[in-house]
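Keeping the supplied structure of chain A fixed, place chain B upon it in accordance with the hints.
Respectively, the protein sequence lines represent chains A and B. Just remember that our numbering sits 54 ahead of the position in the first sequence, which is counted from 1. Just remember that our numbering sits 795 ahead of the position in the second sequence, which is counted from 1.
None of these hints come from the bench; they were simulated from the model. Predicted model, so just to flag it, every value in this text is computed and none were measured. Hints should not be assumed to be uniformly reliable.
[To be verified] Among chain B residues calculated to face chain A with C-beta under 8 Å, some are:
| hint | residue |
| --- | --- |
| 1 | GLY864 |
| 2 | TRP904 |
| 3 | GLY1050 |
| 4 | ASP1081 |
| 5 | GLY1082 |
[Claimed, not checked] Just a few of them, taken from the derived set where beta-carbon distance is under 10 Å, the chain A residues facing chain B:
| hint | residue |
| --- | --- |
| 6 | ARG121 |
| 7 | VAL122 |
| 8 | SER177 |
| 9 | PRO178 |
| 10 | LYS205 |
[Unchecked claim] Some chain B residues flagged as far from chain A (calculated, every beta-carbon gap over 12 Å):
| hint | residue |
| --- | --- |
| 11 | MET799 |
| 12 | ASN800 |
| 13 | ALA883 |
| 14 | GLU905 |
| 15 | VAL935 |
| 16 | ARG1047 |
| 17 | GLY1062 |
| 18 | ALA1121 |
Ideal Cβ placement from N, Cα and C applies to all residues, glycine included.
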Amino acid sequence: MIEIKMPQLGESVTEGTVGRWLKRPGDPVAKYEPLLEVVTDKVDTEVPAPEAGILHEILVPEGETVRVGTVIARLTPAGATGSATSAAPVTTVAATESRATTTTVTATTAPPATDDGRNTYLSPVVARLLAEHQLNPAQIRGTGQGGRITKQDVLRFLAEREKQPATPAATPVAPAPAAPTPAPIPTPAPAPMPVAPVPTPPPVTAPTTSEIPADAELVPLTPMRRSIAEHMVRSVRTSPHVTTVMEVDLSRVIAHRAAHQEAFSRQGVRLTMTPYFIMAAIAGLQAVPVFNGSFTDQGIIIHRRINIGVAVALNEGLLVPVIPDADEKNLLGLARAVNDLAERARSKRLRPEETQGGTFTITNHGVTGSLFATPIINQPQAGILGIGAVVKRPVVITQNGLDAIAIRPLCYLSFTFDHRIADGATADQFLSTVKKRLEQWEG
Amino acid sequence: MPEMNLLEAIRQGLDEAMAADPRVFIFGEDVGKRGGVFRVTEGLYDKYGPMRVIDSPLAESVIVGACIGAAMNDMLPIAEIQFADFIAPAFNQIVQEAARIHYRSNGDWEVPLVIRVPYGGGIHGALYHSQSVEAFFAHVPGLKVVTPSTPYDAKGLLKSAIEDPNPVLFLEHKKTYRLIKGFVPEEDYRVPIGPADIKRPGEDISVFAYGLMLHYCLEAAQTLAAEGVSIEVVDLRTLRPLDTETILASVRRTGKVLIVHEDNLFGGFGGEVAAIIAEHAFEYLDGPIVRIGGPDVPAMPFAHSLEAAFMPSPASIAAAMRRLAAY
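If we strip away everything but chain A, and leave its shape as in the complex, we get:
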């Protein structure tokens, strides 16, 4: 019997949450085949089977958080004689032809489809049919190789559904899962310093979801969605959020970017606006260090290191990879780091520790057209800087004592801060510094 333990995902991680079991007890697993997904902070990681065998038992249910090293499941290795043999039945074909044929022949001998052990590969046509008819593959019994859902299976399912009279009560939706045990997501402690204990939050899910209206459908929460939901609720409950907005003229930044884009590109770096905002935010944090801090009952922790998180929007949610010691990098280094982290966030290749340890966060909501926003603080940080869309506007400028109307690229900076830590005037001092750094950009 092999013990499967909660792995350490990232250096400062001491516990992990079982996101989803990909195998059920009795399932055969191949070596390195994913057994389960583990959630830490906002990163999901699959845990592979160390050996081939049969999953014997699951000791930690989905949603539960345990310390690193805790035994979460047991696996019977392939060599050991186990009662639970569940290899798919293989029948040989009639005698006429020799070699080659060892696969199952008729649909009747296909292994029964189960929710877990079956071949979940969807062929192009099956994927298309499921999408066209808005079907969930779990509803359909697969009769193909390894329980794969074939095109015929989908067509049969549709034909049978067609035959049945409309039964409004029987919605094709799974019953609502029980409200999960509130997984205390490990606080992304930026440094090994004492942090105020976070009170156990109540369940994120509203308690009255057992009844789903017939004309609605239930979309199950992904581990990432659940984690974000928990974090957002906890953040607004923890910190009194205040947002202050300033307008900034980006003429010099845009000119600088235009002048340097090609040189950066020669070094394999795509120069976006984000590194400029990171540099400006660092100037603000250096001028007003309290916003590079965390509120605790003992006092305000002010971090000496500046680790900037940059929010990256994904289809399924949001990730905030962190650039550690961002104040030690120049524009090239920041641009390179932003390119790399954003790319890997989108391709799901971030390491868990790369989303941890942030001391301040920047969210570039302007890329999707937003002018200004009221972002929510990434706990336990003190503030978050939102960047609005850059828009050319006519503005009154004064040159040599004369007023004139000019067209300038402007954008709103939205700074949300924890009012426990500082007051509006301090926040404006921070934001003015950011604005000034951007407007007087000198490289």
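This is chain B only, laid out in the frame that chain A set:
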């Protein structure tokens, strides 16, 4: 409607074409007095004389080259290459000249030439009397490549080929010559070059084949029908131009594809069919596109046992159908 074998259907097509148009003549090795090594032209020498059924020297480049010249001078030549295996010396004439003249002359010149080529194995012909050459020529724009598999199609396509204003490579599988029989109407008819033909409609798997393999596929489909699997067998009939519409429509119905030819797989014609399907019917596929073909050995072996191992068989095709059905 008389029943005849494929060889007789071709002979009848040649005869009728020669009777209908004095410009039609036959040029090839042993086609005259001997009536061809397979007896396809038997009787034509006596009927039309040595000026219209001409024995050529053993020089394939001359056979095709002379026919190109005749074709460009208002004749309708039918060249015969005795075995497809011998076509290589004529490759230059076919590919560099015949296929390109219409294009090269900006449409001023045409080459109404038919090159009849017995091909294929399974007749204990060994290395130099068994080859399949369609992939070499189907690659060439400007050339039409026709591969009939039934007497009806063979005669109808032959007449279309003779009337076609530009070169047609007419591939006749020699094992089908006397093996495959069918009804051929007495009246004059044509089978157009281009359209494929669904020889057996089905729902679960689309099978694409031509020549002898078409018949093996039909036999395998019959076996599979008894096992509850419905196979659609599409006779490509013309490899160039290829009827992609019929191919794609069939794949969109069934979702599974098996392509069978006797020629070896690598770079074989089936690869082109597979690519077209993958490119244009991807979202309709319910399984891998499967090909069956000869192994990548230099030529057909002589030993009976090895020849049998080389040739796809109804049993090996049925086995692939089963695997695909179960996928």
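Ascending list of hint numbers which this structure does not respect: 1, 2, 6, 7, 16, 18
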